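For the record, the sequence lines run as chains A and E. In this text, residue positions in the first sequence follow full-length UniProt numbering: the first is 1, and each later residue adds one. In this text, residue positions in the second sequence follow full-length UniProt numbering: the first is 1, and each later residue adds one.
These are calculated hints, taken from the structure and not from any lab test. What you are looking at is a predicted structure, and each value in this text was computed from that prediction instead of being measured. Using N, Cα and C, we set each Cβ at its ideal position, and we do this for glycine too. Possibly wrong hints are sitting among the right ones.
One-sided excerpt, in silico: chain E residues whose CB lies under 10 Å from chain A [what the hints assert, rightly or not]:
hint	residue
1	M67
2	L71
3	F72
4	Y73
5	Q74
6	W75
7	I92
8	K110
9	M114
10	A117
11	F166
12	V177
13	A178
14	L179
15	W190
16	A193
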Amino acid sequence: MMGMYFEFKDSLHNFLIYGWNTSTLSSFLVIIAVCFALALLIEAGRALHSILSHRANLSPLVYAKTSRNVAETTPLLRSLIIPTNVDQIVKRKIKYHIGMSLLHVAKVVVAYVVMLAVMSYNAWVFVTVVIGSALGYLIFGAIQHKITTADTPDTHVINNQDDMLGTHSQTSYEPIG
Amino acid sequence: MHNMSVTINPHAGHDMGNATYNTVDPHAGHDMGSGSIGDPHAGHNMGSDLGMNMNHEMKMYFHTGVMETILFYQWQTHTVGAMVGSCIGIFILAALYEGLKVLREHLLRKHNVMTRARSYNSAYTDAMVTETHATVQPRMCSKAHFIQTLLHVIQVVVSYFLMLVFMTYNIWLCLAVALGAGTGYFLFGWRKAVVIDINEHCH
Numbered sequence: 001m002m003g004m005y006f007e008f009k010d011s012l013h014n015f016l017i018y019g020w021n022t023s024t025l026s027s028f029l030v031i032i033a034v035c036f037a038l039a040l041l042i043e044a045g046r047a048l049h050s051i052l053s054h055r056a057n058l059s060p061l062v063y064a065k066t067s068r069n070v071a072e073t074t075p076l077l078r079s080l081i082i083p084t085n086v087d088q089i090v091k092r093k094i095k096y097h098i099g100m101s102l103l104h105v106a107k108v109v110v111a112y113v114v115m116l117a118v119m120s121y122n123a124w125v126f127v128t129v130v131i132g133s134a135l136g137y138l139i140f141g142a143i144q145h146k147i148t149t150a151d152t153p154d155t156h157v158i159n160n161q162d163d164m165l166g167t168h169s170q171t172s173y174e175p176i177g
Numbered sequence: 001m002h003n004m005s006v007t008i009n010p011h012a013g014h015d016m017g018n019a020t021y022n023t024v025d026p027h028a029g030h031d032m033g034s035g036s037i038g039d040p041h042a043g044h045n046m047g048s049d050l051g052m053n054m055n056h057e058m059k060m061y062f063h064t065g066v067m068e069t070i071l072f073y074q075w076q077t078h079t080v081g082a083m084v085g086s087c088i089g090i091f092i093l094a095a096l097y098e099g100l101k102v103l104r105e106h107l108l109r110k111h112n113v114m115t116r117a118r119s120y121n122s123a124y125t126d127a128m129v130t131e132t133h134a135t136v137q138p139r140m141c142s143k144a145h146f147i148q149t150l151l152h153v154i155q156v157v158v159s160y161f162l163m164l165v166f167m168t169y170n171i172w173l174c175l176a177v178a179l180g181a182g183t184g185y186f187l188f189g190w191r192k193a194v195v196i197d198i199n200e201h202c203h
């Protein structure tokens, strides 16, 4: 088995895919860039999941979907528009759920691949993944926070309730996913 | 990087099929230690076999193949049928893992609602009705917390098992894990995501 300890080596051998070796520093840097992008993708997937679940749970009065396709934007008129039937709402939720299931698969795959990358026990790869995750959380977490806590007058109450219920689903221990 | 190891296998009954290595692996012709420059074990001889078997060292790169040892020594796949069965089992395990997460969240929310409901006191006087509710800390010795802890242990174990299965680098098993997770998420998350349950809480 390979050495089960981190070491600072600037060459990689059979990294994830057979034959993916590095002979020069520039090819090594390409692999480092790929690992960095993958770590960013993990955070992006997490933020996107949170944003989509927030959008899916919006009250119909907020997004004002009607079968008449009336573009009413004033809050007063919007509160008078009631969706014509529940089926429409259910169909919309089903679409969001399918989309989020596919996103879940992508998140799982990327998270496991990053786990395997770190398992190469190359210290440079590990540091890159950590920095990528930190930057990803910084950027995508900020975006997610801005979108899910949008403080517009008619969404004010609903968003407070969402926060109470915990939109960020990291309450349970999930090493991956 | 050392990627060669010899494991003298005390369970001499198993033939790892060194000679019958007829998988769809396109790199079947390549031997171990390919491409490595200063591999100190490059010249290791198989002469010390003595009728004992050696494990194939783990291929630390994505590969397709039918021969795989999954999690336990006794769980080895040699045929396509065994691999398909293992994939289906891993698929179900990954789906059940997602269900376990949903169950834990459901139990937690139910327990929190019950705790809050139980902590409402109302005092009736002539003039007015007062309601006070104290903030109840989740008790460490409560039955619900014990169940949550038990489920947590199971969740940690299953999640590490799934990680180790993915670590076999076998593409079929990795696909089974990923698709199982997606299917489990879809099925077990359906009720909360799609069904509009007005009894739970107002959205």
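Tested hints:
Hint on E/M67 is violated. Least Cβ distance to chain A is approximately 16 Å, over the 10 Å limit. Nearest Cβ of chain A to the Cβ of E/L71: about 16 Å, over the 10 Å cut. The hint is violated. At its closest, the beta carbon of E/F72 sits 17 Å from a beta carbon of chain A; the interface hint therefore is violated under the 10 Å criterion. The restraint placing E/Y73 at the interface with chain A is violated, with a minimum CB-CB distance near 15 Å, outside the 10 Å limit.
Checking E/Q74 against chain A by beta carbon gives a least distance of about 20 Å; that is not within 10 Å, so the hint is violated. Using the Cβ-Cβ criterion of 10 Å, the hint placing E/W75 at the interface with chain A is not satisfied: the shortest such distance is roughly 19 Å. Residue-level restraint check for E/I92 is violated (minimum Cβ-Cβ distance to chain A is 16 Å; threshold 10 Å). Here the hint on E/K110 is broken, as its CB sits about 13 Å from the closest CB of chain A, past 10 Å.
For E/M114, the shortest C-beta to C-beta distance to chain A is roughly 16 Å, which exceeds 10 Å, and the interface hint is violated. Taken as an interface hint, E/A117 does not check out: its beta carbon lies about 16 Å from the nearest beta carbon of chain A, beyond 10 Å. Here the hint on E/F166 is kept, as its CB sits about 5 Å from the closest CB of chain A, short of 10 Å. Checking E/V177 against chain A: minimum C-beta separation of about 7 Å stays under 10 Å; hint holds.
Taking 10 Å as the C-beta contact cut-off toward chain A, the hint placing E/A178 at the interface holds, the least distance being around 5 Å. At a threshold of 10 Å, the smallest CB-CB gap from E/L179 to chain A is about 7 Å, leaving the interface hint in force. Hint status for E/W190: holds, given a least beta-carbon distance of 7 Å to chain A, under 10 Å. Among the interface hints, the one on E/A193 holds; its C-beta lies about 4 Å from the nearest C-beta in chain A, closer than the 10 Å criterion.
Hint compliance for this structure: hints 1, 2, 3, 4, 5, 6, 7, 8, 9, 10 are broken, all remaining hints hold.
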